[in-house]
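There are 2 protein chains.
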Amino acid sequence: MDTQQIVLASRPVGSPTIDNFSFESIALPPLQPDEVLLEGLYYSVDPYMRGRMNDTKSYVPPFQLDQPMLGGVIAKVIESKSPDLNHGDIVFGMLPWRVQTVTSAKGLSKIDDSNVPISYHLDVLGMTGMTAYFGLMDIGKPKVGETVVVSGAAGAVGLVVGQIAKIHGCRVVGITGSDEKVKLLKEKYAFDEAINYKTTGDLKTTISRSCPEGVDIYYDNVGGEISDAVISNINFHARIPLCGQISLYNSTEVPVGPRLQPMLLTRSVLMQGFIVINYQSRFPEAISHLAKWVQEGKIKFDQTIIPGFDQLPSAFLGLFKGNNIGKMIVKA
Amino acid sequence: MDTQQIVLASRPVGSPTIDNFSFESIALPPLQPDEVLLEGLYYSVDPYMRGRMNDTKSYVPPFQLDQPMLGGVIAKVIESKSPDLNHGDIVFGMLPWRVQTVTSAKGLSKIDDSNVPISYHLDVLGMTGMTAYFGLMDIGKPKVGETVVVSGAAGAVGLVVGQIAKIHGCRVVGITGSDEKVKLLKEKYAFDEAINYKTTGDLKTTISRSCPEGVDIYYDNVGGEISDAVISNINFHARIPLCGQISLYNSTEVPVGPRLQPMLLTRSVLMQGFIVINYQSRFPEAISHLAKWVQEGKIKFDQTIIPGFDQLPSAFLGLFKGNNIGKMIVKA
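Sequence order for the protein chains is C and R. Quick note: the first sequence uses the working numbering, first residue 1, plus one each step. Quick note: the second sequence uses the working numbering, first residue 1, plus one each step.
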């Protein structure tokens, strides 16, 4: 039986383009014991995947040339030779960008699709929610009355971070890239302030006005000059969870900027990089909180769902243009 | 009664010079209740004092022009109107650079001078030891078998950090600025490796060779390009206590360098600035450990003791030329 897959055709230099991907038809192998045949339903596209397109050592190995892209996928079991999964079950896994795929049942987690739309499991109840929760709660450690600044605020992680911070009694300021997103953050998501960095002349001063008592937690999704401006307003004993650096992912040279250490030193600031997998043993804790907050209406969210498996490359490229509000998902 | 004091005559632009200081004769006021008349015995000069010579907001207020410099001083009580202190007592305090001074007894701590030389209380049993201990133990959290790199390794704090790390079963690599100091670190202080950054062409590669399993803890006293080289060898889940940035203190423009966040992010690294006063409530814990290690001969140290109150400015300037091995102290 044949299926379609999307492979990394060439490594991008700077910003990735549609030409870095190509579509192929491949034959699926017959099922072996403990394997399942899956059909993809929802595909997650995430900024961190840009790093895997480079041939550099990181916390995850690089994608291989002429091999399929890999990402978070929610899929339906079509056929099973595993005692753990049955036809019709819905699963989550890190899977190749294929219409159908054959894979070991190990590494797949079964999803309960009775309570919430399936796509939530790629979002607030999935890696996105875990990333927001642990970065803010474990590294940021918000306290009532503190000021939290979130960059990439209208992105999948940013929206959840801001709302968890509000639940914990913080003043929340979001930085984003359009007036439409500013409006959304303030009206739908109850951010105390939101700043369009593209139209704000002096970002440092604008942040200072939005944060009259300084910045206690800076949840950083973007890096670069936006982060410089936030960090120049950082408070004594502040915490900076480093979640993403999307503004730098397409750099072709080593990004240069003001040295941070003098500021971190004189203000006793903690800065910590993390990846969500560090917290795997504590995922149930986060899911129980997040599911409760979603049910109570305390966490709302947006998803940008693009229909069509063949739209995966362009949906991914759209992340770097800020095309998404909330989680960017491709629906097969 | 008159005494001599050293005041900040002008603020340095870039490297401080002897002309930034001036000597004055002043009249001491009569003693009021709860005050003591002190005579300085040992004066601490420390790199962080450079920051206070600028008129910028920091964790301690700037020195005022035409007012005396302030620092850690061990002094003898000459006359007392305090019920807590008697003639002949030895005390530590943050005091002006004066031959004699009148001050409140509050804020002075009495020193037991029966067991160890008095000057140790400006060093391993004083702020230097506290700084080394809490930065390494509380932020660095060393584990047996880990690799610890210390910059400014032959300085007061660096020597103690390296030895505490050895006590905890770590491989210790020091970075310093002369062959004499390299020899001392390896022979007297049992550092596993020591590197003279001034004569090493490719510091990044040299560190990589000295740390075949990467760097788990980088105790940073210097900042700048030395730190860039260490951080390029940093391990997953590493910790970077920021204690000092002496290489940048005399910069006249905002220092620029490679952006750190991508590296900290992809390797889940923690970087944390601190000042020793954050740990004041836990000083007794550190002192009890350090005093024991000193008695057991597990912590050795050097002091560079310069005689003469009038040598205070030049001793301070010498810190930025690497003139000291271990703690730089001026003996009245």
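These aren't lab readings, by the way, just hints derived from the structure by calculation. One should not assume that every hint holds.
[What the hints assert, rightly or not] What follows is a list of derived Cβ distance ranges for each label pair:
id, chain 1, residue 1, chain 2, residue 2, range
1, C, ALA190, R, SER208, 41 to 51 Å
2, C, GLU253, R, LYS321, 28 to 38 Å
3, R, PRO258, C, GLY322, 23 to 33 Å
All C-beta atoms, glycine included, are put in the ideal place defined by N, C-alpha and C.
We went through each hint and held it up to the structure:
Judged by the Cβ atoms, the range 41 to 51 Å given for ALA190 of chain C and SER208 of chain R holds: they are separated by roughly 49 Å. Separated by about 34 Å at the C-beta atoms, GLU253 of chain C and LYS321 of chain R satisfy the suggested range of 28 to 38 Å. Between PRO258 of chain R and GLY322 of chain C, the C-beta spacing of about 26 Å keeps the proposed range 23 to 33 Å intact.
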